[in-house]
Structure formats: structure tokens, C-alpha cells
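**Student:** Respectively, the protein sequence lines represent chains A and B. Counting in our numbering, the first sequence runs from 1 upward without gaps. Counting in our numbering, the second sequence runs from 114 upward without gaps.
No lab work stands behind these hints: they were computed from the structure. Be a bit skeptical, because a hint or two may be false.
Stated by the list, open to error - No more than 30 Å apart at the CA atoms, straight line, and that leaves these computed lysine-lysine pairs for DSSO-like:
(1) B:K116 to A:K57
(2) A:K53 to A:K13
(3) A:K53 to A:K18
(4) A:K55 to B:K116
(5) A:K71 to A:K13
(6) B:K182 to B:K116
As the list claims (entries may be wrong) - Short, incomplete list of chain B residues facing chain A, as computed with Cβ under 8 Å:
(7) A130
(8) Q155
(9) G156
(10) Y159
(11) R210
(12) L211
(13) F213
(14) G214
(15) E215
Quick reminder that beta carbons are idealized off the backbone N, C-alpha and C, glycines included.
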Amino acid sequence: DVKVTQSSRYLVKRTGEKVFLECVQDMDHENMFWYRQDPGLGLRLIYFSYDVKMKEKGDIPEGYSVSREKKERFSLILESASTNQTSMYLCASRTGQGVIEQYFGPGTRLTVT
Amino acid sequence: DAKTTQPPSMDCAEGRAANLPCNHSTISGNEYVYWYRQIHSQGPQYIIHGLKNNETNEMASLIITEDRKSSTLILPHATLRDTAVYYCIVSRASGSRLTFGEGTQLTVNP
Numbered sequence: 001d002v003k004v005t006q007s008s009r010y011l012v013k014r015t016g017e018k019v020f021l022e023c024v025q026d027m028d029h030e031n032m033f034w035y036r037q038d039p040g041l042g043l044r045l046i047y048f049s050y051d052v053k054m055k056e057k058g059d060i061p062e063g064y065s066v067s068r069e070k071k072e073r074f075s076l077i078l079e080s081a082s083t084n085q086t087s088m089y090l091c092a093s094r095t096g097q098g099v100i101e102q103y104f105g106p107g108t109r110l111t112v113t
Numbered sequence: 114d115a116k117t118t119q120p121p122s123m124d125c126a127e128g129r130a131a132n133l134p135c136n137h138s139t140i141s142g143n144e145y146v147y148w149y150r151q152i153h154s155q156g157p158q159y160i161i162h163g164l165k166n167n168e169t170n171e172m173a174s175l176i177i178t179e180d181r182k183s184s185t186l187i188l189p190h191a192t193l194r195d196t197a198v199y200y201c202i203v204s205r206a207s208g209s210r211l212t213f214g215e216g217t218q219l220t221v222n223p
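Here chain A stands alone, though its shape is the one from the complex:
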């Protein structure tokens, strides 16, 4: 079974802190994604990566950056956390060919105070 793991289930950070959210997948998938999920807004794509060292902006990239140095790991970085970044963050991965479903991690609930 595909396994997508996220470094923390719950995280509390202070405004202005630099925050790292880590995601690891074990199926050699080319594509990886970061979403955030908020009530009334559904899931929104922040960034995605087609391959190592490659990244593309999603629908709401402002305030975020990403890093993909190894194929299995995709990191989301909040350079200076703000209260409006309090949210559920979900990582996903998929292979790069054909009609392929995305496999999601369990999510990280981030609270910025």
C-alpha cells in the first residue's frame, strides 16, 4: 500500500516563526502536492512538484515556499507564520503517468497564535 506520512498531526506555532511541514511517500511517486483545507473553502492547492527540484505554484502560493531535494520528500515552508495560515495541511503524491489517483497523508493541523 502507498504510504504518505506527514511529520506532525498537530502543531502550534507563534506569529512570525518559520515553520517546516514535512511529507514523505514510499512509492517512488514523481508528483507531490501540498493543499490546505478550511471550512467553507474546500481543499486548495498551494504548490506541487513534478520531480526533484521542480515546483509549480498552485492556487494560493502566497506566504509559502516548498523544497523537493529528494524524490520521496516534499517540504512546505511558512517563512513567517501568520494567524491566517492556521489550517489543516494535506500532502499528496501520485505517479506521473496516465489517469492516476492522488494518495493523501493524514494531515497536519497547524495553529498559529
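Since chain A is already given, all that's left is putting chain B on it; use the hints.
**Tutor:** Quick look at chain B alone, frame taken from chain A:
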């Protein structure tokens, strides 16, 4: 990607079939219909997808109308563990972006 419309909530009795509708009237010829679900406090889980033919797997069946403007996800014998938010998504095969709306909250009652 085409927009989808789903009812916000549905109820179903345990052991009965759950039929979840989705409208996607602006779907284009190369777009697939995907269904995912999200159980509380978990990440979304892929269920099934289809282009124009009906599809069945171990989790569910997907019925797509001939004009492809709507579809129905069928859980043949719903259990309490099927209580979740179900998302209908339309996307190209090569597209990486899956746009999740608010979905349908399905509650399976004992």
C-alpha cells in the same frame, strides 16, 4: 476543469445502498470524473474514476449518464464506516490539479 455540483448532505440507513449524485454539465470530452471521500480527521481517499463507461471496483460503482453531464456514486451496502464527505471532481487525465469543492456529507445511520 469543469465545475461540479453536489448536495451538501445525505442520509442513508446501514445496509442499504447509498446513491450520491453529482452534476457536471460543463464537462469536456477529455475530462474524467473522480470520486474521493474524506473520513473525519483523515486525508481524502480515492474511490473510483471514469470517463464515459460505468465503472465498478471493490469500494463502489460509478454510473455516468450518456451525455456525461451527471454521475452517481453507488455504495451498494453502506456501513457506519462509510460516513464521510464525498467529493466529485472533474479533471483531465494529465492534469495534476484536483479541485475539491465542499462535497456531500454522507451520514450512515444504524
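**Student:** So which of the earlier hints does this model not fit?
**Tutor:** Of the numbered hints given earlier, the structure breaks just one, which is hint 7.
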